[in-house]
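Residue numbers (the numbering used here), protein chains in the order written: chain D, 1 to 341; chain U, 1 to 758.
FYI, nobody ran anything at the bench for these hints, they're computed from the structure.
Be careful, since some hints might not be right.
[To be verified] Heads up, simulated SDA-like pairs for lysine to any residue below, C-alpha to C-alpha not over 20 Å straight-line:
1. K337(D) with E269(D)
2. K340(D) with K127(U)
3. K127(U) with D51(D)
4. K613(U) with A576(U)
5. K125(U) with K340(D)
6. K127(U) with V52(D)
7. K127(U) with K337(D)
8. K125(U) with R3(D)
9. K127(U) with M1(D)
10. K125(U) with Q2(D)
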Amino acid sequence: MQRFAYRRPESVEAAIQAVSAAPGRPNTPPVRAPGQFIAGGTNMTDYMALDVMRPEILVDINRLPAARYGRMEAGAQGLRLGALVRMAQAEDHPVIKSQYPVIHDTLKLAASRQIRNMASLGGNVLQRTRCEYFRETSWACNKRQPGAGCSALDGFNRQHAILGTSPDCIAAYAGDFAQALIALDATVETMGANGGRTIKVADLHQQPGSTPNVETVLEPGELILFINVPAGPWTARSRYLKIRDRDSYQFALTAAAVALDLDGDRVREARIALGGVATIPWRAHEAEAALRGKPLDENTAAQAAQAAFANASTRQHNAFKVPLGKQTIVRALLETKAMKV
Amino acid sequence: MSTAAPQPKANQGQPEPRIDARLKVTGGARYAADIPLSNLAYGVLVTSDIARGQVRSIDFEAAKATPGVLDIVSYGDMTGIEKPQFGSAYTSLGPLHDRTIWHDGQIMALVVADTFEAAQDAARKVKAEYEEQHPSGHFGSAGTETIPAKGHAQRPKENPSAGDFDGAFQSAPVKLEAEYRTPTQTHNPIELFSTTAYWTGKQLTICEPTQSLYGLRGEIARQFRMDPADVRVIAPYVGGGFGSKGPSTPRTAIVALAARRLNRPVRCVVSREQAYTTMPYRAPTRQRIRIGATPDGKITAFSHEGWELTSRIDNYAVAGTETTTRLYGYGSVASDVQLVKADRQTPAYMRSPPEVPYVFAVESALDELAYKLGMDPVELRRVNDTDREPIHGKPFTSRHLMACYDQAAQAFNWSARNPKPGSMRHGDWLIGMGCATAVYPTHIAPATARVRLRADGDVLVQSASQELGTGIRTVAGQMAAEQLGVSFDKVKVEMGDTELPPAPVSGGSNSTASVCSAVLKACQQIQERLFRAAVASNNGPLAGRNPADLAIRNGALVAKDGAAQKLPDVFALLGAGAVEEYAEFIPDGGPHDAVQKLYQGKLTMTGGPEGKKAKYAYGAEFVEVRINSRTREIRIPRLVGAFAAGRIMNTRTARSQLMGGLIWGMSAALFEATEIDERTARTINRDLQDYFVPVNADVQQVEVILLTEVDHEVNPAGVKGIGELGNVGTNAAVANAVFHATGKRLRQLPIRLEHFVA
Ligand SMILES: Cc1cc2nc3c(=O)[nH]c(=O)nc-3n(C[C@H](O)[C@H](O)[C@H](O)COP(=O)(O)OP(=O)(O)OC[C@H]3O[C@@H](n4cnc5c(N)ncnc54)[C@H](O)[C@@H]3O)c2cc1C
Ligand code: SF4
């Protein structure tokens, strides 16, 4: 990997400043921004070793006050999770287990326990795609190099997205946790050179469009500090179904995060977010609408699934994700309905 | 005794724990790239981004300017060094001998620097310009060339055939014809490939994980036009090879050259990504099976045709028809193997090279036939069991295939299976059960060993075999302990260094039979010296007896009537502190110069169908699959295998080998495939994130049954190889179980959920 400067600031301000201290190059794709944060490092070091990420200044945020950013609070309003909380810590939290099982599931089913011991919640949300053509720098890739072309479009694209794609990029968003977050209307609190703001997780990631190199709405040097998950009547009856070849340690081929507020059989509110099939964490609003007010059964679940993939666009190796994605939704809905809450 | 250390049955050795178990789990075992050296420099390979063309120019300027860079070896630097020789090397390609690119990720340079990081950074700055040509990387690609394997490759010598296949097939009342496909697979041993080289005057030392120390020594000496005696190869432990570390590779000479130019040790650890293209792989195959049978299941006509992918420059073939045409008592047999030459690097051995792909086709076809006939698949195999191989009518030294089926079927509870496809279910999960035959030819090769027994009972065994994790050190030690009457903990075993007497390549599952035969012989020579001394003494307790009546047990020589003399006393008679014997083992019928060849690193392995009797180990494997009725993910809750493989030296290490085989077999069925980009013939999934192998969660119950089998004819040690037996047939057993679960026949591996959602 190329040489870089390594900083370990102890305050948020210093961290933001340290990242911005890297010599600015206008229009650099965020992937190639000269200053980068590192938290658990499980994504960052991986991509640095592959020469995909080439920070000149690497700013380690693990020395930010743990009492604030490494803390989890669970109250009547919901959850407030520090960005530096490790995936494993959140996974083990008793309130998350009992009241927000969909969050617990997305964490438990991700990566391996060793990785989860390192990986932070903030870093998890911002992890980059696993597109093989993105990971190997000798391929043309619009995400790494705007305008270079997309090698995956007509390449081996079994893992690639079928929703939210563009002619310039079909890379799937790889993470699981963010699906739970958008299903539950979570927000992130951030801090940047221009001050702080609150962003819906659903608005955080950007579809590739003609600028696949821009992955989120975050400004360069903007830090995620907290993740807030509001309480709601649907959080307890929720789960995440992740389908993959292996039984563990694999990114989702398809996945569905489901949260239900039921009145007997009838759906008061359904929350559905999809993983493995879209370029960003994907909320299936059409599917939710198809269920609202209806009894949840095999039939309505299938209708919801149909609605979710109405606009899917497939390539040579990923067409199976349409029927599989539908089945995933059906199964997730029925299993969530059957949960004892 | 425990599950991991099964109680030995008759003709099975004690489940001694591995001699190096503690070292390995504590990190004390030293692998080739761990050997500490002072003043070490680090090399990183630069590889091509295209699969076919010419390197028009290559720009090292930025690389050379990187702080810490010492040297770059590239085109024009190999003068005076021979290209690799196909056979002892996996390819004849000398990648730096000229600027032609024959395959993706071909070596273009080695950048050497003070640190690994600097070398890696500099290697990435090397820019090549190519004159690119359109590559053909697949069977179907335009521009490939198809040639018969016979006459062009080392195998097959003949396409096995018997009787009149065409006639028999035509007149057969029941016919089956089907095509099968297996994918490219990559070995992925956990220990990465590496070479460390240093020169002391004109002597070259290579530390490299290899399955053939003397083979590598001979090949490197040839490339550098040196006396092999001036080359030393060291690999104390090897972290898995599976064939990939059998033949040598072009990398070694390049690293050795860099070390010579710098007069400094150079170490190159190849990245996982680069290993996918600088090392060989298992070739993809296409196969066609035709079977004619009677309504009661007797096969009257069997034909097996195979197409295997190879490179443009080398004709590598596995020709598994040599085994499959001898698997059952077919009436008539036809076979053929073709090579399809494409713009890929040369493939090579991968655990059970011929059997894994070819037995998949046969054992799938038999299952199809069983369904066609409405027969139990086990009974179909029984009807076609045979005591002679059908090609030349040779008897087997031993064959207990159906005994394996019976024991495995019972342990698996096969009789509870409802044969109707799709009929078994547990909640939302479809259940499928399938079975298949495992078979592996028993090979043996010349080997040498030196054994030293000290008066205090300490034993040292030396042989330049390779410990790949199979347990060869352990079983060689057990053989010596048994023969010299000492407890196992008194034995030390040294391997992994060409300073030791030569042993054959760790391949073809020959090592236990070959090395143990040499150790056995050396121990017998020691016994003889001790026995002679004891009987020749004037007044000792064994004086005047017949040496043939003596044995050695618990630190003493003993006679049948109980008279005994302790070892130190026998050594006193000899006036020696230790007795050391060197032995050469040449298998029956082996060439008289076999050991000379072994010293030169040349292979003379025999077995399988060769000789007066055919030599094979067998097994029967049963698999249960569960497939979700909605989302179709495939899980394997149970694998059961029963194996009959001659004498089992150590039930613990044997079980471990066979269990690993079953797991790999399942992996090959469901997970593994090296994906090649169709447009560019480049490898896509080049790491363990995207090349799937099972994780713990995928491996549930695995049961290994070791049958008692006594075979005095197969070789002096009575041992059949088991290293490659376990993963043969498993892929078919899985495919058969998947058919049983779903009614859908998958003739192409890997079997994945996308084949079932619609
Ligand atoms: C083998 C493997 C398997 C995996 N499998 C899964 C899986 O199945 N499911 C899944 O969801 N994930 C999986 N992962 C991904 C893993 O969960 C992520 O790598 C991890 O969550 C990232 O967190 P981190 O703290 O290590 O991030 P880092 O690597 O430190 O950072 C990741 C990115 O986030 C940025 N960043 C980090 N923290 C902040 C912050 N607070 N504010 C702003 N920017 C920040 C960094 O600059 C960087 O761009 C897998 C990873 C590996 C290596
Ligand atoms: S899909 Fe996106 S990330 Fe992948 S190669 Fe195309 S542009 Fe790059």
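inquiry  = Just to be careful, I want the Cα atoms of K127(U) and V52(D) compared with a cutoff of 20 Å; is the pair within it?
reply    = holds, 17 Å
key: Holds or violated: K337(D) to E269(D), with C-alpha atoms at most 20 Å apart   = holds, 12 Å
request  = Take a quick look at whether K127(U) and D51(D) sit within 20 Å of each other, Cα to Cα.
outcome  = holds, 15 Å
message = Given the hinted pair K127(U) and M1(D), is their Cα-Cα distance within 20 Å?
response = Distance of about 16 Å is within 20 Å: holds.
ask   = Going straight from one Cα to the other, do K125(U) and R3(D) come out at no more than 20 Å?
value = Given pair K125(U), R3(D) holds - Cα atoms ~13 Å apart, limit 20 Å.
request  = Sort out whether A576(U) lies within 20 Å of K613(U), counting only the CA atoms.
outcome  = It is violated: about 44 Å lies between the C-alpha atoms, which goes past 20 Å.
ask   = Straight-line Cα separation of K125(U) and Q2(D) no greater than 20 Å?
value = Distance ~10 Å between K125(U) and Q2(D) Cα, so the pair holds.
message = Hint check: K125(U) vs K340(D), CA-CA at most 20 Å. Holds or violated?
response = violated, 58 Å
20 Å Cα cutoff - pair K127(U), K337(D) = Roughly 58 Å separates the two Cα atoms, so the pair is violated.
request  = Assess, step by step, whether the Cα of K340(D) is no farther than 20 Å from the Cα of K127(U), and give holds or violated.
outcome  = violated, 61 Å
Of the hints listed earlier, those the structure fails to meet are numbers 2, 4, 5 and 7, in rising order.
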